[in-house]
Every structure is written in structure tokens, then in C-alpha cells.
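A.B. asks: The lines below spell out each chain.
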Amino acid sequence: MRIGPEEPCVPGFLSAYPSLAVQLPGAALPWLRRSRDEALERFAALGLPTTRDEDWKYTSVAAIARRTFGVDAVADVPGNARTVVLHHAIEGTHRMVFVDGRFVPGLSQPMPLPATLPEGARIGSLAQALDTWTEDAEAFFAAADEAADGFAALNSVFWSDGAWIDLAAGVALEAPVHLLFVTTRGDIANFPRNLIRAGDGASATVIEHHVGPDGASYLSDTLTRIVLGRGARIAHTKLQQEGRRSFHLANVSAEQGRDSAFLSHALAFGGQLSRAAITTRLGAEGCDAKLAGLYVGSGRQHIDHHTCIDHASPRGTSRELYKGVLDEAARAVFNGRVIVRPDAQRTDALQSNRNLLLSEEAEVDTKPQLEIWADDVKCAHGATVGQLDADQLHYLRARGIGESDARALLIRAFAADALAGIEHGPLRARLESLLPGALPEAM
Amino acid sequence: MLEIRNLHVTVDDKPILRGLDLEVRAGEVHAIMGPNGSGKSTLAHVLAGREGYVVTQGEIRYMGRDLLALAPEERAREGIFLAFQYPVEIPGVANIYLLKAALNAMRRHRGEAELDAVDFLALVKGKLKLMDMDESLLYRAVNEGFSGGEKKRNEILQMAVLEPRLAILDETDSGLDIDALKVVANGVNAMRSPERAMVLVTHYQRLLDYIRPDRVHVLALGRIALSGGPDLAQELERRGYGWVEAEAQKRHAASVGGPG
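Chains as they are written, first to last, in the working numbering: chain A, 2 to 444; chain B, 3 to 262.
Same shape as in the complex, but just chain A:
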């Protein structure tokens, strides 16, 4: 435990645990209780990160450490939750809704899910899954238990619910699964956890979507673990639209089997302070990883993305493109780590981070981090920070397009390729509607 004015101290979570432990999902399962207990010990040892940690140099979570957040075992679903859910619903998906950290079947659809799913697809809430698929749960959970930092450890202690998506070999989900996490009030902490496993040749698209009210200050500490079998394919889209006063700390990690494909989109719009750590390990030959991201900040938002692509086996391919659009006094951090381990010969990795600053005060810290230990590899990276191009702006205006429309058009053109690869039409349309500066219909 670390205490001091500059170093955040471990907040009241430790003392909250004993009374909560008996009410959290799986309290009756000894292995799960043990797992939470151990995570608590890790958290006590790790504490919350400080800016002295190299990985947190530009992102201070002191504001979180100074706060107290309530952690409740049970929560009421407020009456307006349905309106919020319908507002954020995405057409053509299986929707699972979690309100303040708990699964709410009544807002999810179509329910019950199993009726509309192919055989071999087991999808449900984690809390339910512990009862329904008890015999598989321990192994499934064990795959996720890697506490990368204090926030991941904290999630392992307090997770209250999330999605269990388990696809047997060859199962292909046609409709995306939309996991909608809704926070309804301030001063609480949510700990969603999602476990996704795709057997050999299985495939699915999962949308992990976080929303909350702009006026409320709350903490979302999320963890998603994805395991891909041989030839499996998972497209994971993380859409962060948290309230503008909230804190959002996310860990997404994938473990890739032979010839598997992992497609990640991380899209950050909300939050006062948000950070997403997205990691994939190309653990067997012939894997393909595509990581795309887009962060859009204004006001005094702070948006941090830390990615890690770990080429641990030969003939892996990775493509990474992160783009940022920052206005006013927004600040972003991009840290893209690419590791090519000695065995990972014939790796082909490309990384690019491009930023558009729309104001004098906006700021970005971008850092590519290539660690190459193999010799027969193709790796390239690049980072740019720039403003809207005055010549382009003038050209559009000289064609009769008004200044604000011309700016919006150029911002959208800049951001567009970070959204390329989003296959579900209604999701793509939603994302385009979230880009800054809505264009008039007629354009």
C-alpha cells in the first residue's frame, strides 16, 4: 500500500470487500472466492498506478484515488433505464443490457437468448453462467485471471457481472452481440467483466458499449478477456460513451490460436478521464491482428490508449491504426507497443497513429514502442500530429461549402479510415453519427 500526497492511496475498496464478498456472484463457489481473495491481495500490493509508473506517466489517476465510490451488491433499475437503452440500441444485434453492473434480462433482447442462437453457442450473463455451466466455469475464468495493473486486480476482486460468450468449434454467430453497460448514477463504481471464447473455426462480432449520464461522476473499471482457437475470428468493438464527468479504466486482452484473426476497434468519445489497455498475443503461427482506434476529445477530457501487440509466433501479421481528433483543452495519450519475439520470424507489422489538433490547447503524447528480437521481419511505424489543412479548407469553401461544414467534412474524412473494417452497417452508421460536426442532411 502506498500513501502520500502525490501517490494515490488505495481507496476504501479494501474495507468494503469482506461484507460484499458474501453477496457477489459465485460467493458459494470456493474456487471463485479464492480467486477474489487472491486478487484483493494483489490489489493491496499493487495499489492504484501512479505517474511514476512508466506506463502511467501521462495519465494521473490521483483524482480517482481521492474519491470514494460506493460498491453495492444489489442495485435497483431506475425507471428511465429503458429510454436510455432504446437510445443506444443498435439494430440487428443480440442485446444484453447491464445496468449499474448487473444484467437486466427485461431490457435485453431477444430473450431468452439461447432460443435464437445456433447450437454450441453459450451466451449469458456471467452470474447466470456460474449456475448454468458450473462445470466449465472454473477453467473459463482461469483464462482471464491476469492482473495487469491495479485496476485489473480491482476488477478481479469486485466484478459483479458481464457477458459469458462461449462458442464451440465451428459456430458462427451471424448477428453481433451488443453488450450495453449503462451506469445510471454518480458516486458508484462498476466492475463489468466479459469472457469470450471462440473454439476452432468459430466466429463472432461483439460490441462492448459503455454509456452513462454526463452529470454524474462514477468509475467504470472493466475487463474483457478473449480467447481464440485455431482459425477462429473475433471482431471486438469497444464503444466508450461514458458520461463527461466519469472515469473509465478498461483492460481488453486477447490470446490468439493458430491462424486466428482478431479485429479490434476502440472508439472513445466520453469520460473525463479514460484509459483503455488493449493487448493481443499472437500465440501460434499465422495469426492476424487488426487494431483500429479513434478517440475524439474536447473540453478537458483526457483519453489514453495503451496497446500491445505481442508477436510470439512465426508468420503473424498485424495492422494498427489509431486516430485522434482533439479540440479545446483535450489531451490524449497513445502508446503502441509491438513486440516481436525471437521465434516470431516472418512477422509483418505496421503501426500508425495520426492526430488532428483543432485548437492551440489540445495536446497529444504519442509513443510507438517497437521491441524486435527476430531478424526476418517487416515492421514499420509512424506517428503524426497536425492541424486541419488550410489549403483543403479553402478549396472546399471556394466550391461553396461553408466553413463549418468544410471543417466537419475534413474531420470526418480524417477519421473515416479508423472506422473502416466495421462490418455491421447499423453500427457503422451509429459511429459515423458520433463524429464531430454533424453535416446537414443534404450533404
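It cannot be assumed that every hint is accurate.
[Unchecked claim] Reference listing, derived: stretches of chain B covered by chain A, where coverage requires no fewer than 3 residues with Cβ under 8 angstroms from a Cβ of chain A:
#1 44-55
#2 70-82
#3 103-115
No lab work stands behind these hints, which were simulated from the structure alone.
Virtual Cβ for every residue (Gly too), placed ideally from N, Cα, C.
Let chain A serve as the given structure and place chain B on it in line with the hints.
C.D. replies: Here is chain B on its own, set in the frame of chain A:
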């Protein structure tokens, strides 16, 4: 249609235009010629409203209005079109999207109904044929990866779609081979009409073999040093610009009360 009186323009505090007068009436085609650095392109940019070109004296009236009071987009909507010497590449914006947005901005301004996708495409396809351009160029990003000739043709395509009242072509002939030049000239000639005026800014007489102007003006020292009929272009081709510049120098010296 266009009246320019005693126009003085500085760029980075450097005087470029120094008392330019020009009048262009509807239906006329004027060529502005002159050596490099004489201020030809500056005139084109000032008419389009480019930032950084500061008018320190004089006025420009367009259709009886003060042109300098209008933002670039307002000028475009009022029917002024500049074919750029260096068309800008805009990755991520499809050519057809720009054409449609530009045309509809103009139609909205005039209180006309916007064209729907079908009518718009029919209109554009006709103009593509005129410019001998492939339809695939519509779906590529604006000017991105276009050859020099394709970019210039694309400018004239935009002009053909937008049907301006006053078209200013800034060095549209530069960098074109003879076949492309003919295509561009055909496109321009097809648009000549009694309601439309055109100003061709060019260094060489070559373009004027294909587009016959009504008036030819020579810029020197930031003002019109000499004006004449279409034959003046041929004389310039034979004699070069030196003699015009020398005479302009003399006049300039006399007007500021130089040695004498």
C-alpha cells in the same frame, strides 16, 4: 459583371498588385497574361477570397456588389468559380460527394430544390463525357493520386457541373499535353455563353489557340500594362514580355516623378 478599380494587394506585406483596373462584361472571355511574378495568380486568388491576400486599396465589384465583403463560400454560391492552378488533394472525401455538396450548396443559396441522387448522377455523367473522363474518377478521393492532367480536367468538370457566372481559370494549361489541352479547351468553349464571363490566367499563348479571347491584358509590375484584341497574344508570343515590362517601368518611373 466584374469591375476592378485601382486594386492594391499585398502578400506577407509585399506589394504584388499595384493599381490594377479591369472590367469584364457578361459573355466576354478575357485573357490575363504576363511574366512570372507579375501578379496573375494573385489576382485569381483575391477574386476567390484566399486568406493571406490583403487588399490595401481599391475595390472589386461583382454583379454590382462589393465582392471583398463576401466569404469565399459566398462568392462561390454567387457564381464565381476558380479553377485552381494546383488543385488540392483531399483524401477521404469522394469526388462525387464534393460535386454534389457544392452543387446543392449553390442550389440552396438560389432557393432551388436540391438534386436527388438519380438526377445528379445523370447530370454528372453528361459532363464527364464532355471532359473525356472515366466514371471511376467520381468515386476516388478528390484529386488524390490524379495525374496532373486529370486534376486539371477535374477542375473543369466541377466548373461544368456548377455552371458559374464568372469562371477564373488559373494557369489551367500548365502541365497539360496537347491532347489534354484540347479536351480542356473544348470543355471551356462548350461553356461560353452570353450570360457567362471567363478570365483565363495564362503564361503562354498556347491555350489561346484553342480558346479565342475577346480581350487580352498583359500584367506587369502589378497592373495592366497593355490591353488589346486576340492578336496581342500572338505578338507577345513573338516578342516576349520584355518590351511590355520595359515600357511599364518607364511609365512607373514617370508617374512617381523619377529622374527627368
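A.B. asks: Confirm or reject each hint.
C.D. replies: Okay, the hints, checked on the actual structure:
1. With a threshold of 8 angstroms between beta carbons, the proposed coverage of the region 44-55 of chain B by chain A holds, since 4 of its residues qualify and at least three are required.
2. Check result for the region 70-82 of chain B against chain A: holds, 6 residues qualifying (beta carbon to beta carbon below 8 angstroms, three or more required).
3. By the rule of at least three residues with a Cβ nearer than 8 angstroms to a Cβ of chain A, the coverage given for the region 103-115 of chain B holds, with 7 such residues.
The structure is consistent with each of the numbered hints, conforming to all of them.
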